[in-house]
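**Q** Using the sequences and the hints given, assemble the complete structure.
This is what each chain is made of:
Protein chains: 4
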Amino acid sequence: MREMVEVGPGKIAARGWRLEDVALVPTRRTRDIDDVSTDWQMDAYHFEIPAVGHPSDATMSPATVIEMGRLGGLGVLNAEGLWCRYVDPSSILKELSEAAEDVAVERLQEAYREPVKPELIAERVNEIRAAGVTAAVRVSPQHTQELAPVAVEAGIDLLVIQGTIVSAEHVSSEDGVLNLKTYISDLDVPVVVGGATNYKTAMHLMRTGAAGVIIGVGSDEWSTTDAVLGIDVPMASAVVEAAAARRDYLDETGGRYVHLIADGEITDSGSIAKALACGADAVMLGSVLAEAAEAPAVGAWWHSAASHPKLPRGRFRSLTGADVEVPDMEALLYGPATSSEGNHNLFGALRRAMAKTGYTTVKEFQRADMVSYK
Amino acid sequence: MREMVEVGPGKIAARGWRLEDVALVPTRRTRDIDDVSTDWQMDAYHFEIPAVGHPSDATMSPATVIEMGRLGGLGVLNAEGLWCRYVDPSSILKELSEAAEDVAVERLQEAYREPVKPELIAERVNEIRAAGVTAAVRVSPQHTQELAPVAVEAGIDLLVIQGTIVSAEHVSSEDGVLNLKTYISDLDVPVVVGGATNYKTAMHLMRTGAAGVIIGVGSDEWSTTDAVLGIDVPMASAVVEAAAARRDYLDETGGRYVHLIADGEITDSGSIAKALACGADAVMLGSVLAEAAEAPAVGAWWHSAASHPKLPRGRFRSLTGADVEVPDMEALLYGPATSSEGNHNLFGALRRAMAKTGYTTVKEFQRADMVSYK
Amino acid sequence: MREMVEVGPGKIAARGWRLEDVALVPTRRTRDIDDVSTDWQMDAYHFEIPAVGHPSDATMSPATVIEMGRLGGLGVLNAEGLWCRYVDPSSILKELSEAAEDVAVERLQEAYREPVKPELIAERVNEIRAAGVTAAVRVSPQHTQELAPVAVEAGIDLLVIQGTIVSAEHVSSEDGVLNLKTYISDLDVPVVVGGATNYKTAMHLMRTGAAGVIIGVGSDEWSTTDAVLGIDVPMASAVVEAAAARRDYLDETGGRYVHLIADGEITDSGSIAKALACGADAVMLGSVLAEAAEAPAVGAWWHSAASHPKLPRGRFRSLTGADVEVPDMEALLYGPATSSEGNHNLFGALRRAMAKTGYTTVKEFQRADMVSYK
Amino acid sequence: MREMVEVGPGKIAARGWRLEDVALVPTRRTRDIDDVSTDWQMDAYHFEIPAVGHPSDATMSPATVIEMGRLGGLGVLNAEGLWCRYVDPSSILKELSEAAEDVAVERLQEAYREPVKPELIAERVNEIRAAGVTAAVRVSPQHTQELAPVAVEAGIDLLVIQGTIVSAEHVSSEDGVLNLKTYISDLDVPVVVGGATNYKTAMHLMRTGAAGVIIGVGSDEWSTTDAVLGIDVPMASAVVEAAAARRDYLDETGGRYVHLIADGEITDSGSIAKALACGADAVMLGSVLAEAAEAPAVGAWWHSAASHPKLPRGRFRSLTGADVEVPDMEALLYGPATSSEGNHNLFGALRRAMAKTGYTTVKEFQRADMVSYK
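Chain order of the listed sequences is R, D, Y and U.
If you count the first sequence from 1, position 1 lands on 1 in UniProt numbering, and the numbers rise without skipping.
If you count the second sequence from 1, position 200 lands on 200 in UniProt numbering, and the numbers rise without skipping.
If you count the third sequence from 1, position 74 lands on 74 in UniProt numbering, and the numbers rise without skipping.
If you count the fourth sequence from 1, position 218 lands on 218 in UniProt numbering, and the numbers rise without skipping.
Since the hints were made in silico from the structure, they are not lab data.
Among the clues, some could well be false.
Copies of the same chain are indistinguishable here, so a pair counts whether it falls within one copy or spans any two.
[Unchecked claim] Here are the simulated SDA-like pairs of lysine to any residue, each with C-alpha atoms no more than 25 angstroms apart in a straight line:
#	residue 1	residue 2
1	K200	L178
2	K200	L250
3	K181	E6
4	K94	V177
5	K310	E95
None of the values given here were measured: they were computed from a predicted structure.
**A** What follows is the structure in structure tokens.
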């Protein structure tokens, strides 16, 4: 499949490209920007933009999940996050947002020591449903069996099962371990599951019957999965491999299309365009959403893995500053931009990238030509 | 054509080299610097140096267009720039030159909100023509049909149609969209059009009948096309591909030679030499001209795309400081240099590079040997 | 064997990968972290973690050697270090720990000018043996014949013969030079010897009868072997080559398994996982141990080669600060981590990396899949 | 010959490696450091170390040329430098050494405006000869016909003809241009000539009858040949190519051995070892000598091209500070080192590198094994 390098005799490694290693190349024709559509439909749910909120408490509160849905994207609340541990986590979020970077991980560990309250999950889901947007919550594989029923019962539309790495074949000496294949097929709501890292793991997760598969481990400059575990996922290659698995799975199933959601290296509108051009159907927005005026942690950012009690795997980015004027989520997604760094008007930029390369739908755009720098 | 890499199964990307990835290698012989000529002739117009001013208001005013012509190059005025929006933009340019970098993009957006005045285009063209130099103005593809006739009527010698990306095949659901092929062939003045990114787009633009094709999207450290759109053009490879298209087009037409103007990664005299050695006939000078004593924005620099109302795609470089002694445009182009960084005496350096590699004309110099670092 | 590049006609170089150039790829299945074992056995000695202390005085004192043994690893005391030159080096270590970085190398040279006292070697070994942990000391190849008998006599369990580069075939015009092959086979205790740099040198050292071979020259950002000698060892490739030599040596001897200990580029838990996945049986911990609360030089770090009287080859990293709260060695090896940079809970992280890639023993984990970034 | 990359259709570039891209790999055996010899003999002249002083006024004065000779190397005085323009340049050197970096190039241009005085060349040569060391001066190709006879008349042992790029075939429309081939063969003293950049230019220069050929254009971080001219010479590949030319020239002449002197990327003892291992017979020491206590510009450094009146091509490195204690030239060349950065004891380090890779002479060391990082 992918280019292989020989690290030494007998050890072959797949060569991986990151999104920053590639770029789009306009080539055939251009289009009117008004002829371009960024629509995305997964299962029964329709979205105006191929955007999913990464379930970190730094950006996804019930309020921002609702706002994201209202604006045409898919917000995801972390069922194991602060909103499902505390009746009102506002003061904790404020304290965290002001934490010094060198003690922030300890503060996060402290804040997440409070147990998850199932009744709060139900309450948050109700709040989101009441707003009329698609309701999705995230659970970790470890707590899926305990917490997912609560969320399903409360009426979620989509369940997101997301860990750093999720495999379809978890081998355990313990009894009663989650079997994703039977669990997902038995469930009443569509499931998005991940992260997968390459062709094989993506294919296995597709075979669980999931509606969507997350590709990647959320890598950005605040994720430390590589330093801690030695695991890293170059996104361009990972998405291309997963897209190859999707093609083969389509053939194997006679037409079942599984959606790919890229989670990692999404740092600006340019990387959104590249991830889709590699074959993703949508992208997960993490740190790029932390800048929104509505962000619950006022500009601070951390991955959910950053609060792990024994092995935290993420840095804390301190707040942008309460006095800085920041765009609201609508400007962030649809502009107008007052910054030229690719962090505002994310999907206006996507439309322009599609128009300049001559494509009018995201599905067609997955075929866009690319150039590589190494 | 170019070396290909497999990002993953089914996704092939062309491998691209930047100018900084290659260098000239002296190899056969050396020449006397006095035997070297940097002459350039496009259509009926003759220039002493293969240099075109990038149509940014930061460097190209009527006065600097005239000075550049007087010094043997080709200045280009932006018909959609401040000089064609305001009767006297001097105070605005001064204010912009003093803007703080973090609010500069908003200031630019504000300044360019004023509509373009066709009568000012005519007035500026007249001023340039009166000075006896080649008169060229730039219009964007979107406003070509509206503004180009005004410029032609006013007596320009050359029309530059330049957008970030221009394709010969623009597909639109609207009526009355610009068809470059018929438009250019019907026009009375020679046209330079771009930017093109590779063999195919360069070839298509040559077939419109253009006298010159711009290669690249003006990328330098103040351009953010990559971050915003995910589009990037490694210049060494882009120019080499366009030169291959020029050869094939020469054959196809039985001898029609289209000039290639490299716009991007031109940061010093070394990169001018490399771009020409890759096959360009001339280079566009952007930020390197902002240092001239005559520069209308006193050392500040921005790309024209930096002022886009909804999706700005360029950073603002603040002024070098009013108190710093800067060279005039003549010293910048012809020396003597008092800096050893490749930013002064740009074309004296080109002559020396040609002499050291053994070539006496720009056309022959396009065959110079190169070394690559990766 | 390895990929070759042609630097020029007639000069072929093996292409080398560093640990930072590769990463682990989860692929087949995942495991319960409780099913994972990090056990390591070399000769008669059993360890709970595959960890060897790099014999620098900055981290390995009799007390920390004992603590490391107590915690399940293998500490190594430098028989040519300060503890075997001074009856009580505490005040010297304290002074060194407070040295300014620009004069630190001279201070080290001064401190190590004091001769080694054989009676102190015996005393230190006795102290370590009395604590009931595996007793290992390091001697340099130059002083092996003089000092090793003292250590053996004192009752060490393992002898470590370590220089920057050790070859099995040392050619000398002098008489009486150390012949590793006869020396090691005649010795009563098992020997670990190195550093080796590739297949050939690893194979030669295996044939001396050593129980373990050290791969690498301890390269990290404080080692300057490359700048001083032009010698460098990319660890991923070096370990993979040595693992290939181990396979061939197993075949050649009908089953004699030699342990590989990676010494270099071990900067965090992620690099430990990668080194093992390349084929190492254990890793040498250098600068990562300097952060422990028990570290004899209070956070300062230097390689043993940094004190060379005529040709020092290592920088001095100044202390982390006496007022900074640092984890004890137990937290550093087993957590819980309060840092997310991969520098705490080193072997908890290894267990998790093994679980996520689906392996339950270190030996199996040597087969883990990898991705390469170049 | 060398690996080729296709920058695009029809433009092939040789792939080049720098010294920093490769490293030495110990592999066969090790040697006693006392069995290693760094002797070098060129023509009738014998040296204890393969070291030539780069003829910059920053390091090479009559006094340091003599000291370098006394210490076993070859100093070279620039016949077009300050010592041959001023009766006593001491005060000018002192002023230059204290120049601010941003105006230093202009100060250099000013200082070198004073004409060269032939009688001073003779005087300096006499001073050097009187000290009993090998007397060598450098002239530029442009002034060889005017100044070389003066130097020869004064009794130099070796003539160095060095420009940025020198070709054996200089084509000129002027009469009376230097023909290196006839000039060198007619001369009574052996000539060292350069810089050459690859196989072809090295071969051509060998055929002039030169005793030695300089490879490279002196590139280091203070040289700006790349930025100004677009010309760059990756040293590892350039030296390997020149060594291939030497082999072919040996065959062609039935045994005439031309010495290769590497001038560029020599920043520490590690790079000296790498350049020799690539095939050089000796190295030119530039900025590394500026640190010597005897350096005429007290730690400041500039290339001779940095003072060019119209096109300076080198930066000015300001002095290390009069109050800093610096080693004398002897410690710099032979140690002991009090720094571990590879800048002291340059040739003690070379001996150790040769011993660790198992070679006892520089000629044999040219076969040393290498590893490449890309």
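**Q** Against this structure, judge whether each hint is valid.
**A** Cross-check of the supplied hints:
Taking CA atoms no more than 25 angstroms apart as the test, K200 paired with L178 passes inside one copy only; the shortest distance there is 20 angstroms, against 48 angstroms between copies. Only within a single protomer do K200 and L250 lie at most 25 angstroms apart by alpha-carbon distance; the minimum there is 15 angstroms, versus 33 angstroms between protomers. Within a single copy, K181 and E6 get their C-alpha atoms no closer than 35 angstroms, and across copies no closer than 32 angstroms, so neither meets the 25 angstroms cut-off. In this homomeric assembly, K94 and V177 never come within 25 angstroms of each other (Cα to Cα): the closest approach is 37 angstroms inside a single copy and 52 angstroms across copies.
For the homomeric pair K310 and E95, the shortest alpha-carbon distance inside one copy (22 angstroms) is at most 25 angstroms, but the shortest distance between copies (35 angstroms) is not.
When the structure is compared with the earlier hints, violations turn up for hints 3 and 4 and for no others.
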